[in-house]
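Protein sequences appear in the order of chains A and B.
When you number the first sequence by the working numbering, it's gap-free, plus one each residue, and the end is 151.
When you number the second sequence by the working numbering, it's gap-free, plus one each residue, and the end is 314.
Everything labelled a hint here was simulated from the structure, so no lab data went into it.
Positions of the beta carbon are idealized from the N, C-alpha and C atoms, including for glycine.
Wrong hints could be hidden among the right ones.
[What the hints assert, rightly or not] Just a few of them, taken from the derived set where beta-carbon distance is under 10 Å, the chain B residues facing chain A: (1) Arg285; (2) Pro292; (3) His308.
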Amino acid sequence: MTRVMATSGPVSGPVSAVQALQAALAAEDAAIFGYGVAGAHLSGNRKSAAEQDWTAHNEARDTLSAMISAIGAAPTAGQAFYRLPFEVNDAASAAMLAAYLEEGVTRAYLGLVAVSDQRLRMFGALAMQVSAERAAFWRGSTEAFPGLEPS
Amino acid sequence: MLAASAAALPVLLATAGCRSSDAFAGPDPLAGRPALSPDVITLQAVIAAEQAMIKLYQAAVNANLAATDRLRVLEGLLAQHRQHLGQLQARLVLPSGSPSAQASSSASAGVAPLQVTIARLRAAERASAADLVRRLVAVPPALAQLFASIAASDATHVVALGG
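Work out the full structure, taking the sequences as your base and the hints as a guide.
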């Protein structure tokens, strides 16, 4: 099934750890796919940066899968194909896609910050710092509230 | 302004001292000053820290610490810290005349006018992010998310400052 690359917004109520971990896993899977597309339109240092980020998202996916398995649930498999949020046909749109992907990952990890397990909260908070830094790199600017929706 | 925060993040009210009896709801006029909940105390500390951060940036900007390009970066980061402060303060309502409210504002007044270097700003951003992550484990989920988001913003500021 084809899915649009997007993740849910911040979660405000009690959230199950499995649900939040699966959402983070889904965002990482989408990022892995998206960086494959973005990387094809980048060159030089930015291509290298995209490749590093792709590798980091693969590692994060493995970590999340292991965490989900460890609490007795089955990690949801990623999609074979994701519909891009906009056309990616040059370096500028590739960078925009990378920023978009990182924003989605950041929102997903913010969901983990709402669970009751303190270790998972901290894990989510630290993970979203990394994705927010990558988003700022690709966007070229910082944000006041990474992961939270602007009104 | 945040749609999610405005809709989802509750305001933390100073806990009112209540009668032990369930017959009446609301504050007991004989109970003295209300105690503050741990969440309120945490939020006050975070607000004070954010105010100190703003003073640090203001000192850096006023001292013309940096070249024009860098100055623009500093002003941009300062503006984001003011947004942080606005969102944090919006979560807190204290009774007027509360000693804790006064303590909160006075706590931020005394940032030493030391030489503010970019390295000092970077260190302050790092410390702020770490402090917020440490604190977010013990507050309600919605406030934890605000702390995490601000911590992530601080982390990006470290990079923007060349860290």
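Checklist entry - Hints broken by the structure, by number, lowest first? => result Per hint list: zero violations.
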